[in-house]
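Chemist: Going line by line, the protein sequences match chains S and W.
Just so you know, the first sequence maps onto residues 212 to 559 in our numbering.
Just so you know, the second sequence maps onto residues 212 to 559 in our numbering.
FYI, nobody ran anything at the bench for these hints, they're computed from the structure.
Errors might be hidden in some of the hints.
[Unchecked claim] So these bits of chain W aren't anywhere near chain S, every CB distance computed over 10 Å:
no. : residue
1   : VAL240
2   : GLY359
3   : ASP398
[Unchecked claim] Some but not every residue of chain W turned toward chain S, in silico, with C-beta under 8 Å:
no. : residue
4   : ARG309
5   : TYR440
6   : HIS446
[To be verified] Estimated spans, in silico, between C-beta atoms of each pair:
no. : chain 1 : residue 1 : chain 2 : residue 2 : range
7   : S       : ALA313    : W       : ALA425    : 20 to 28 Å
8   : W       : PRO294    : S       : ALA486    : 46 to 54 Å
9   : W       : ASP426    : S       : ASP287    : 44 to 52 Å
10  : W       : GLU245    : S       : ALA275    : 44 to 52 Å
11  : S       : ALA466    : W       : ARG254    : 55 to 63 Å
Beta carbons: idealized from backbone N, C-alpha and C, even for Gly.
Protein chains: 2
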Amino acid sequence: MQIYANPRHAAHDGRQEMFRGKLVPCHEVPARLEHVLAELGRRPLGEIQAPPPVARALLEAVHAPRYLRFLETAWDEWVALDPANAALDALPSVWPVRGFRADVEPDNFAARLGLYSFDAGTPLTAGTWAAAEAGAACAAAAATSVTGGARAALALTRPPGHHAGHDFFGGYCFVNNAAVAAQALRDGGARRVAVLDVDYHHGNGTQSLFYERADVLTVSIHGDPRTEYPFYLGHADETGAGHGLGCNLNLPLPAGTDFAGWRQAFDAALARIAAFAPDALVVALGVDTYEGDPISRFRLASADYLTVGAAIAGAGLPTVFTLEGGYAVAAMGVNVVNVLEGFETAAR
Amino acid sequence: MQIYANPRHAAHDGRQEMFRGKLVPCHEVPARLEHVLAELGRRPLGEIQAPPPVARALLEAVHAPRYLRFLETAWDEWVALDPANAALDALPSVWPVRGFRADVEPDNFAARLGLYSFDAGTPLTAGTWAAAEAGAACAAAAATSVTGGARAALALTRPPGHHAGHDFFGGYCFVNNAAVAAQALRDGGARRVAVLDVDYHHGNGTQSLFYERADVLTVSIHGDPRTEYPFYLGHADETGAGHGLGCNLNLPLPAGTDFAGWRQAFDAALARIAAFAPDALVVALGVDTYEGDPISRFRLASADYLTVGAAIAGAGLPTVFTLEGGYAVAAMGVNVVNVLEGFETAAR
Ligand SMILES: [Zn+2]
Ligand SMILES: [Zn+2]
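Only chain S is shown next, with the shape it has when bound in the complex:
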C-alpha cells in the first residue's frame, strides 16, 4: 500500500475548542497521527512518503475559491488584528443562520470566520492552512497512485476532512480530503467513484459536496444525528437531489451500537456500493467507532477493525483511504493499522 503521510500535520495544533458549551483542550491532536506512524513502524504496510504539492485547481474543484483564500490568510489577519491573538486560536462566535446572506463576504474578520464555519470546536491556528493543504496533497497523491494502478493507497493526514463542505469548516475539518481524492479519481479517468464513510460521525461535508452528482456515490454509517454530531444532516431520508438523486445513502445507527449491529449496516453499505459499480473507492476512515472513544458511542473492539479492512478489500476496488476521526489517542495506531492490515491480508 502506498502511504502518503502529511509532513506538516503537526503545524495544526489547536489549544482549545468549545465543547458542549465549555472551552476544553482539543480532542484532535498531533499525537493521533504519531500513534499511527508508530504502529506502522511495528507493522510496516508499505513505503511512507511525503506527497508532491497539490494543484490549486483540484482544491477549487471541491471548495469555493473565496473560502480557500480565507483559510490561507486567516491566521495572519487574526494576528494583525491584535498581536496578542498569536497566543489564542481563532474560534467563530457569530454565524449566518436562516434568512441571513452568504453572498456578500464581510470585511470583518470575525464575520468571515463565522461565515465559513459551523462550529466553535475547530480552532483555526497558525499552521492550519499548511497542514490542511499538505493533507489535501496526500489525498491527491493517494488518488494518483491508485489511478496509476496501485491496489490501494493511504492519505495519512490530519486535520481530518469529511465534515468540511464547499465553503465551510467544522468538526475539526478544513479541507475535505475524501472529496479531493474522489474528484482526483474522477479526473484520472474513473467513471464512477464511491465514497464509504465509516467514521462515527456523519460525513456531512462529503455528502453535501456530491449531493447533486450522479458520478459519485456517497455512503455513510454513523451515529444518529438526532443525538450525535453533526446533528443537522445524516438522516436516512437524504438520498441525493437532481442528477444525484439516489446517489447518497445514510445509515444512521443508535448510540450504543455494537459490532454486530454496525456490521449489518456495513454490509448494506457494501451492497449498495457494489450495485453502483464504481471504478474506484474512497474510504473515509475514522476509528471513533471504537468502544474506548471519549466523544463517540459505538462499541467496536480493536480486533473488529481487521474484519472491517478485510470486508473493504472484498469489494475488489482500487481504494484510497483518508484518515478521519478517532479520539482514543493511544488506541489510534492499532485500530487504524488493523483496518489496513485486514485490507492488505484479504487483498493479497
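Put chain W with the ligands on the given structure of chain S with help from the hints.
Modeler: Here is chain W with the ligands on its own, set in the frame of chain S:
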C-alpha cells in the same frame, strides 16, 4: 408617556459571552436598565407600571412555537444534563449553515441551542425566559396603551429584542419586542405600522420577520454590516420580497459617522415612514450610537438624543418605544431619557 418596566429583567444576567473569539464578561447587563430607571426618577415622564401577562398567541404570531418552547425549557434541560452546568451559562458551539437541515429538531440539547441561535455572545441563563417573556409583555402592554389612545408608550425592558428572528436568538436578544409591539398594533386595528430602528446595529430580526409583509414597514439606520455586527444582513439592497417588496429600508452608515451624517439618514428614514402613511410607529430605541459606546462606532453626543426624540415626535404618530442596545452603561439613563424627553417636549 405610559411606561411598562420589566419586573423580571434582572433574572437575565449572563456571566460570559464569546466576543471576537474570546470569553469576556457580558456587555448586556442589568445595570443598563437600572440606570434608565434612576434617570426617570430624576426626570419623571410618566407612570411606571408592570405589564399584565402576554398572550402566547401574540408571541406565536412572531416566533415559531418550537422555538418558544425551547427557550422556555432550555435552562432546565441544560442543568439536567449536568448539575455543574448551573454555574455556567449555555452558549452554542455548533450550528446549521448552508446545506444543513433545520426541519428536523435534534434531540441533543447543544444541537438545539445551536439550531436556534446565530452567535455565542448571547448566553442563555436561568432567568432568560422569565425576563424575555416579561419583556414581551411590556411591549404588548405598550402597544395596547397606544391602541387605546395614548400618544406614546415605552417598553422599558432588557434583554433587547431586535436581533431575534422567527426561530433564533442572538445579539443579546431572544424575543423580538419591537416585532411583538408592531404585531399587537396591527391586531389592535392599525392598518399599517412602521418600525424605525435607530440602534447602532442592524435590526436583522425585525427585518426578517416582516420581510414579505406589506403591512409593516421596517426601516433601520445602522453601522455598515460589512464591518459591523450582525454582518450578514442590513445592506441597502435589501428592500423586501414578495408582498413586502419595497417595505424595507436599510440605511447603513460607515463606522465613525457623527450626528450630522446620522441625521441625514434619519431624515430619509422619517420621510420614508411619512410616505408609508402608517397608523402607528414602533421605535427600536438603541443608544449604542453614543460616542462613548464600547462596542459601537458612531459619534452621537448625549444632547443629540433630545433632537432625535423631538424629530420622532414630529412624525405625529402614536408611538411605542422598545429599549434595545446601549453599552456605555453609566450613560444609558441620560441618553435614553433624553430621547423620551425630547419626544414628550415636542409632542406637547
Ligand atoms: Zn468522527
Ligand atoms: Zn445595538
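Chemist: Using the Cβ atoms, figure out if PRO294 (chain W) sits within 46 to 54 Å of ALA486 (chain S).
Modeler: Since PRO294 (chain W) and ALA486 (chain S) have Cβ atoms about 50 Å apart, the given range 46 to 54 Å holds.
Chemist: Regarding ALA313 (chain S) and ALA425 (chain W), is the given constraint of 20 to 28 Å on their beta-carbon distance met?
Modeler: holds (27 Å)
Chemist: Starting from the range 44 to 52 Å, see whether the pair ASP426 (chain W) and ASP287 (chain S) falls in it by beta-carbon distance.
Modeler: holds (49 Å)
Chemist: Just checking, GLY359 (chain W) versus chain S, shortest CB gap more than 10 Å?
Modeler: holds (33 Å)
Chemist: Under 8 Å is the threshold here; is the Cβ of TYR440 (chain W) close enough to any Cβ of chain S for the hint to stand?
Modeler: With Cβ-Cβ at 7 Å, under 8 Å, it holds.
Chemist: Given a hinted range of 55 to 63 Å, is it respected by the beta-carbon distance of ALA466 (chain S) and ARG254 (chain W)?
Modeler: Holds, since ALA466 (chain S) and ARG254 (chain W) (Cβ atoms, about 59 Å apart) stay within the stated range.
Chemist: Given the hint of 44 to 52 Å, is the C-beta distance from GLU245 (chain W) to ALA275 (chain S) inside that range or not?
Modeler: Between GLU245 (chain W) and ALA275 (chain S), where Cβ atoms are some 47 Å apart, the hint holds.
Chemist: Please check whether the beta-carbon of ASP398 (chain W) is more than 10 Å away from every beta-carbon in chain S.
Modeler: About 23 Å separates ASP398 (chain W) from the closest Cβ of chain S, which puts it past 10 Å; holds.
Chemist: Taking the shortest Cβ-to-Cβ distance between VAL240 (chain W) and chain S, state whether it exceeds 10 Å.
Modeler: holds (18 Å)
Chemist: Are HIS446 (chain W) and chain S close enough, Cβ to Cβ, to be under 8 Å, as the hint says?
Modeler: This hint holds: HIS446 (chain W) lies near chain S, its Cβ roughly 6 Å from the closest one there, short of 8 Å.
Chemist: Quick check on the hint: ARG309 (chain W) CB to chain S CB, less than 8 Å?
Modeler: Constraint on ARG309 (chain W) satisfied, holds at 6 Å.
Comparing the model with each earlier hint shows no violations; every hint is respected.
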